[in-house]
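Participant: Protein sequence lines correspond, in order, to chains B and S. For what it's worth, our numbering labels the leading residue of the first sequence as 1, then goes sequentially. For what it's worth, our numbering labels the leading residue of the second sequence as 1001, then goes sequentially.
Note that these hints are calculated values from the structure, not bench results. Here the structure is a predicted model, which is why all the values come from computation and not from measurement. Ideal Cβ placement from N, Cα and C applies to all residues, glycine included. Misleading hints may appear alongside valid ones.
[To be verified] A short list of chain B residues far from chain S (calculated; beta carbon distances all over 12 Å):
1) Leu239
2) Gly249
3) Asp329
[As the list claims (entries may be wrong)] Ranges of calculated distance between the beta carbons of each label pair, as one might list FRET restraints:
4) S:Arg1170 <-> B:Ala28: 49 to 59 Å
5) B:Gly59 <-> S:Ala1160: 13 to 23 Å
6) B:Phe30 <-> S:Leu1148: 38 to 48 Å
7) B:Val168 <-> S:Arg1120: 29 to 39 Å
8) B:Asp313 <-> S:Arg1445: 39 to 49 Å
9) B:Ile49 <-> S:Glu1383: 51 to 61 Å
10) B:Asn352 <-> S:Pro1084: 52 to 62 Å
11) B:Ala42 <-> S:Arg1445: 49 to 59 Å
12) S:Gly1078 <-> B:Ser293: 27 to 37 Å
13) B:Ala28 <-> S:Leu1148: 26 to 36 Å
14) S:Arg1306 <-> B:Ala316: 49 to 59 Å
[As the list claims (entries may be wrong)] Interface residues of chain S toward chain B, partial, derived using beta-carbon atoms under 10 Å:
15) Thr1049
16) Pro1141
17) Leu1150
18) Pro1166
19) Pro1408
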Amino acid sequence: MLLLLAAIGVPLTLFWDFAWESTIGVDAFFGPPHAANYAAVALAAAAAIGLACRATRDGVEGVALGPVRAPLGAWVTLWGALAFVAALMFDRWWQASYGLTAGIWHPPQMAKALAYFAVVAGAWMVWIARQDEASGPLAAALAAGALLAMVAVVTVPQTFANRQHSAVFFQLGCATYPLVLAAHCAAGRARVPATAAALSYMLLVALVVWVLPLVPGSPQAGPVYNAREHLLPPPFPLLLVVPALAIDGLVRFAPGRTGRGRVLAEALESGAAFFGLFALVQWSFASFLLSSSADDWFFAGGGREWPFFLRVDPLARNAFWHGVSPALDGASATLAALFAIAASWVGLSLGNALAELKR
Amino acid sequence: MKSRSVALGVACTALLASAAAAHIGSPNVFFEGHAGVHAVRVVIRPPQTFPGIAQADIRISDSDVTRVTVRPALLDAGSEAEPPASEAVRVAGETQLWNASFWLLRRGSYGVDVRLESARGGGAVAVPLRADALARPTMPPALGAALLALTAILVAAAIALAAAAPRDVRRARVAAGVAALACAGALWGGDARWRTMDREFANALARPLPVDAAVRADAAQLLLHLALPASTPASSSWDTLVTDHGKLMHLFLVREPDFDAFAHLHPVRRGAADFEGVLPPIPGGTYQLYAEVTHEDGTAETLVSRVNLPPPLGVPLQGGADPNAAVLCMSPFALAGNAAQPTALDFDDSWHVRSPSAPGGADPARVAALMGGGQMELDTGGELVADRDTSLRARAFDRDGNPLPLEPYMGMLGHAALRRSDGAVFAHLHPAGTVSMAAAELLARRDGTASPFAQPAAGSEREVSFPYAFPQPGDYRLWVQIRTGGRVLTGVFDVRVRDRASS
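Chain S extracted, bound-state conformation (with noise of 0.2 Å):
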C-alpha cells in the first residue's frame, strides 16, 4: 500500500506540470469539479515571487459548508512535509465564496489540499499547482530616481566625514580618497552582484521553449517534424515526457497574419529529440505553434515555433466536405490510426479553416459559423473584465437552430485555445479549467478521495463550460472546440477584455 502510495506521489508530481500547460502569460490555475458531494469551482493566483502569497478563491455551489481549508503540498517533498492548512474565510455578503491565502516559499510543483466541512459529510479536492517565476522586474523610475538620490548622499557623507575626522591635513585627504574608493568599490560590487543574479533570475524564468520546425513530404502526405534545437539546455531534454489525456504532445497551430487557420495536433515522438505528425490539408502560410509537453520531474514546458506550410499536396478532404464552404471543422471521420503510425492523423486531431470569401459574422463575439450551416454561441455572462472570474459558456446548433449533442472530446466536453492579439497570452482551456485532468486524478488517487469530475455522458450535454479570467486586458481569438455526431467543430470568436481600472 505505501509503495503504491509512493508510485503515486511521483505520478502526480510528474504530470502536475500540466497544471500549466500550453499557457503564456496565463500563470493563474481554474478548477472546477467535485469536492465529496459539493461542486467547487477553485481559483488560484499564485505569486510572481518566492517566498509569496496565493490567494485561493473557492465557489461552492452549496450554502451549508461550514469550515474551508486550504493546504499547499509542495509534491516532491512528501506528505509528511505538509504545512498546517490555512482557514478560509466566507466573503462579506457571499453565501457560497470563500477565500484564503497561504505562503509559498518556493518555486515548484503542488497539490493544494481544498477540504469543506458540512453537514452532509464535507470533502476534498486537491488542485494541482505550478508555480513558477514568470517576469523579469523593473524597478518603478520614482523608486530609482529616490535611491540613487540616496545614494549619491551617503557617498557624500562618508567622504565629507572621512575628510573631517582626522585632525591633520593630510591624512584628512587620504581619509576621503580611501572612502571614494571604498563606496565607488562597493558600488561597483553592488552592481556586479545585481547584475548577476538578475541575468541567473532571467535564466530560471518559465518561459515557453523555442523548437525547430519543419515540413518534409512523404508519399501524398506532409509530415511536420519539431525537433529540440542543440542548445536546449538538458533539463528540458524529452527523456523524460509523459502522456496527458493519452498523447505526450498537444500541438496548436494558428496561421498568421489573421489567424483564419487553426490546427490541434498531436504529434508521435520518432526519437529522443523529435516529434513527427501528419498535416492535416490545412492552407499553406506561416503558422505560430504553442505545444505542450509533460515532465517526470514535475516541470511544464510550453514549446514555441513558427513555420512556413506549402500548400496541401491535393489530399480529398475527408468526411466529404465541400471545399468551397465558408468554413471547414475537420477532424478524421473514424479511427485513421494510433499514435504508434505517424503517417495518419490522429482521431482527435482537428482543424478549422475560414475561407476568405466567408461572410462576416454579425457578432463576432457572440456567434460563430460552422461547417455544414450550424454555428455556435458564446455566452461570455457579460463584459468581460481582465483578471475577473467568468465562465466561457458555448453552445452549438444545426443549419435548423436545433441543438446540438456534445459527446466528449478527448475525455471532455470541449476544449477551447485563446490568443491576445499580440502573443502575450495563449492558454488552453478545459471544462475542468485550466489544470490537468489527468494530475488531479491522480491527486484524488494518492489522497484516497473519489475523482473530481464527473465523467460527461454522450449525447447528454447541450452546453460546454470554461471557467477562467483573462489575465490581461485587450483583443482575444477564442477557438472553442466540441464532438458532435463523430465529428470536432470549431467556433472562432473574437472578444474584446477590458481593463479592470477603466471597469
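With the rest of the complex left out, here is chain B (with noise of 0.2 Å):
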C-alpha cells in the first residue's frame, strides 16, 4: 500500500510543482514541491526495496535477478528511481547550464518523466499481480488513475481548455490514454476496469484542481502578466469516465472472440470508440468550460486561471486557440482516431501479455 501511495504522490506532487512554477516562479531545487516530488521517488524505491526483501527471503514469487527476488512490478519501480537519480543530477547540471533557454523539454527532463513513467508503472504492475486481494483491483485502478494523471502531467501545456478543439490536443491524447486504459483493461479484474481507472483519474486530478487554489501564492519573479493570489490549478480533468466505459464495454462484454485476430480486433473497436466519444464530449466540454459557467472553484474555468508569466490577450482567454495548432478537421480527426487504435492495441497486448510474465 505504500508503494500505491508513493506512486500517486508522484503526479500530485508534479502537479503541485507545475501550480508553484506558474504561480510563484522561484523554483529552487529543494523548493517544497521538488522536496516532496523526491520523498515520492525515494518512498516508492524503499517500498520496492521491502517488496524484493520479502521476495528474496520466501524465494517464491517475483523475478531473480543473480540472488536478489523481487516482484516483477518492483523492479520496474526500483529502475525507475535509479534512473530518477541519473536524470536528477544531469538535470541539476543541465538548468545550470543550458537552463530553460533552450527549450523545456530537454534530455533530462525526459529522461525525468522516464523515470517518474517506470515508478508509478512498477506499482501498478505491483497491484495488477496482488488482485487476488481484497483490495487488489481497488488498488490496481488507483495506481493506473496515477499512470493516467502522470500522461496529463506531461501534456499539460496542450490540455488548456483552449486547446481542447485542436488537433494535436485529440491526437495527443488518443495517442496516450487509451495505451493505459486498454491495459488496465486488459489486465485488471474489476467489473469495468478501464473506467474505474478513468474515475481514479478523474478523482486525483480533480482533488489537485480543488486543493491547489485554497493555498496563497504570488509571483515573486517578473514579468507578471496575470497576477496571481494562490496556487494555480490544472485544467480540469479529462472526461475520460466516458471513452473508458465504451472501452470496457468493447473489450469486457463483447461476445467472446478467439483467434490471433482477437486482440486487434478490440484495438479497432476501443480505439475507435474512444476517438469518437472523447472527441464528442471533450469538444462539448471544453466549450463549458470557458463559458462563464465553469468560472468557479469546482471547475477552474471562464477563462480566469493562467500561469502568472503568460502573456495572453483579453480577448482570447474565451476562445479557442489555432493560431499555433489548427482545429480538427477530417485529416487530423483520421490520424487522431489512428493514434486510438495504435494506443490501444499496444496497451490491450501489454495487459495481456502481463499474465504470460512472471509476476
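Reassemble the complex: the two chains are provided individually, in unrelated frames, and hints are given to aid placement.
Facilitator: Okay, structure coming up:
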C-alpha cells in the first residue's frame, strides 16, 4: 500500500510543482514541491526494496536477478528510481548550464519523465499481480489512475481548455490515454477496470484542481502578466470516463472472441470508440469550461486561471486557440483515430502479456 | 502623459542595450551615480543561465539608509508586469554595503529599480541591465563519468529484467532484444535532442558580430569602411540603430601585436549596411577593431574585425605635434565637422601612438607618459583581483608636475578601454560604470526621478574614477582617456589581475 501511495504522490507532487512554477515562479532545487516529489520517489523505492526483501527471503514469487528476487513491478519501480537519480544529476547540471533557454523538453527532463512513468507503472504492475487480495482491484485501478494522471502532467500545456478543439490536443490524447486504459482493461479484474481507472484519474486530478487554489501564493519574479493570489489549478480533468466505459464494454462484455485477430479487433473497436466518444464529449465540455458557467472553484474555468508568465490577450482568454495548432478536421481526426487504435493495440497487448510474465 | 511614458519606455528599451556596449567577456554591470540625495555604486552580477539568480551589491555613501529594495523589470513587458521588489540586506559588519539577490526568468533588457529609504527622503535609481547567456556549457568529466556509469547500469538492468521476466526462453530472447533496441533508441534520440538544443543554444548566445572592414583612399585621406557581411542574420541588421552619446557607432582600433597604437573613433553611417569614417594618421599595420552599436529593440551588438592599415598618406599631424615625440595623444583640435560630414574627423575622435623608441616607464601599471612631457597616474587601490569591486582612479599632470584640469569628454570626465592580453575580455568604461548614461537617464525620465548623474563642470575636477571588477585574472592593457585644454590625452597602462583563489 505504501508503494501505491508513493506512486499516487508522484503525479500529485508534479501538479504541485507545475502550480508553484506558474504561481510563484522561483523554483529552487529543494523547494517544497521538489522536496515532496523526491520524497515520493524515495518512498516508492523504499517500498519496492521492502517487497524485494520479502520476495528474496521467501524465495517464491517474482523475478530473480542474481541472488535478489522481487516482484516484476518492484523491479520496474526500482529501475525508475535509479533512472530518476541519474536524471536528477543530469538535470541539475543542465539547469545550471542551459537553464530553460534551450527549451523545456530537454534530455534530462525527458529522462525524468521516463523515470516517473517507470516508478508509477511499477506500482501498477505490483497491484495488477495482487488482485487476488480484497483491495487489489481497487488499488490497481488507483495505480492506473496515477498513470493516467502522469500522462496529464506531461501534456498539461496542450490541455488548457483553449486548446481542446485543436488537432494536436486530440492526437496527443488519443496516442496516450487509450494505451493505459486498454492495458488496465486487459489486466484489471474489476468489473469495469478501464472505467475505474478513468474515475481514479478524474478524482486525483479534480482533487488537485480543488485543493491547490486554497493555498495562497503570488509571483516572486517577473514579468507578471497575470496577477495571482493562490496556486494555479491545472485544467479540469478530461472526461475519460465516457470513452473508458466504451472500452470496457467492447473488451469485457462483447461476445467472446478467440484466435490471433482478437486483440487487433478489440483494438480497432476500442480505439475508434475512444476517439469518437472522447472527441464528442470533450469538444462540448471544453466549450463549457471556457464559459462563465465554469468560472467557479469546482471547474476552475471561465478563462480566469493563467500562469503568471503567460501573456494572454484578454480576447483570447475565453476563445479556442488555433494560431499554433489548427482545429480538428477530417484529416487530423483520422490520424487521431489511428493513434487511438494503435495505442489501444499496444495497451491490450501489454495488458494481456502481463499475465504471461513471472510476477 | 501616458503616451509620453510609453514613448519613453520604448526609447528606454531601445537604448538599454548599450548597458553592455562594446563588452566582450565582461557581463557584470557597474553603475555609479545618485539615488535621490544618496550617492550609490551598484554592481549587478547577472546569471549565466535563465531562470537564474542575479546578485546586486549596493554601496551607499551614507549610513543613514534604513531600507533598500531591488526590483528587476523587463522593459518590453511594461510597468504593470513588474514583479515584487526583493529586500536587500546590509552586509554583516558593513554600514554602507547592501546585498540583494533576485531571479531573472529570462534573458533580455531590464531596468533594475534600486530604492533607498532614509530620514532624508531616500531616493531611487533604475540601473540598465542586459542579461544574456554568454557561454556554451561543457559537462565536468567526473559528472559525465558518473552519468555514463549509471546509464550503463540502467541499460544492463533493463535488458536483464526483460530477459528474466518471461516464462519461456524464446520470449525471453525477444524481450531482451526489444529492451536493447528500446534503450539504444532512447539514447540515440536523447543524444540527437541534446545536440540540436546545444546547437540552438550556441546560435543564440550573445557574441561579437564579425563585420567586414576595408580601407580606401579618398583624396589625401584614408577612409575606413565597415560593412555587415551578407550572412548577417536579420536581427543584427543596422536598420534600427539608435545613438548613444550622440554617436551611432563607437569604434576602437588597437594595433597588433603589441597594441602600441590605439584609436577611439566615431564613423558615420553611409548606407543600410555600412559605416565609414576618416582614419587618423596612425601607423600602418594590422589592427583589431571593436565597435559598439545599439538597436532599438534593446539588443546590444559588439562588432569585431581585423584590418590591415597602410601608412598614413602624409597628412600633417593636427595640433602641431612633434612627430618625433615618444608619445602622441591626438584628437582634432577644432571642430572639424559633425557626423554628417564623413570626410573629416569627428571632434570626439582620438588616437594614441607610442613610438618604438619611447623609453619604457618605471612602472607601467601606475604611470603613463603623455604627449608633451606630462604623465598620467593610475591608482587601483592596491592589488587587482579578479571579480573584486574596485575603482580605477586616474590623474594627469603637466611636464612640471601640476595637475591638469579635466574637461567633459562626450559628457563624461573620461573614458577607458581595457583588453586582456589574449583578447578574451574587452570593455569600455565610463565614470558612471559600464552602463549607458543615455539609457539610465531615459529610465530616470520614465520613472520621474532626477538624473542619476552629476554633470561634470569644466576645469573643476582633477581626477577621474572608473568603477569596475576585472572578470578574469590575467594581464590587461588599459587605455584611459581624458580631455584637457581642448585636447584628448590617452594614458596607457599594463596591469596584472590576480586570480581570486590565489589572492
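Participant: Take the hints in turn and mark each one as holding or not.
Facilitator: Now the hints, each set against the structure:
1. Leu239: Consistent with the label, B:Leu239 stays out of reach of chain S, its closest Cβ about 32 Å off (over 12 Å).
2. Gly249: Check passes; 31 Å lies beyond 12 Å.
3. Asp329: holds (30 Å)
4. S:Arg1170 <-> B:Ala28: 49 to 59 Å: For S:Arg1170 and B:Ala28 the Cβ distance comes to about 51 Å; the hint holds.
5. B:Gly59 <-> S:Ala1160: 13 to 23 Å: With a Cβ separation near 19 Å, B:Gly59 and S:Ala1160 satisfy 13 to 23 Å, so the hint holds.
6. B:Phe30 <-> S:Leu1148: 38 to 48 Å: Given range 38 to 48 Å: violated, Cβ gap about 26 Å.
7. B:Val168 <-> S:Arg1120: 29 to 39 Å: Violated: the Cβ-Cβ distance is about 59 Å, outside 29 to 39 Å.
8. B:Asp313 <-> S:Arg1445: 39 to 49 Å: violated (30 Å)
9. B:Ile49 <-> S:Glu1383: 51 to 61 Å: Since B:Ile49 and S:Glu1383 have Cβ atoms about 56 Å apart, the given range 51 to 61 Å holds.
10. B:Asn352 <-> S:Pro1084: 52 to 62 Å: Once the Cβ atoms are compared, 55 Å apart, the range 52 to 62 Å for S:Pro1084 and B:Asn352 holds.
11. B:Ala42 <-> S:Arg1445: 49 to 59 Å: The hinted range 49 to 59 Å holds for B:Ala42 and S:Arg1445, with Cβ atoms some 55 Å apart.
12. S:Gly1078 <-> B:Ser293: 27 to 37 Å: holds (32 Å)
13. B:Ala28 <-> S:Leu1148: 26 to 36 Å: Holds, at about 28 Å.
14. S:Arg1306 <-> B:Ala316: 49 to 59 Å: holds (50 Å)
15. Thr1049: holds (3 Å)
16. Pro1141: Violated, because the Cβ-Cβ distance from S:Pro1141 to chain B comes to roughly 12 Å (cut-off 10 Å).
17. Leu1150: Holds. Min distance 4 Å.
18. Pro1166: holds (6 Å)
19. Pro1408: violated (36 Å)
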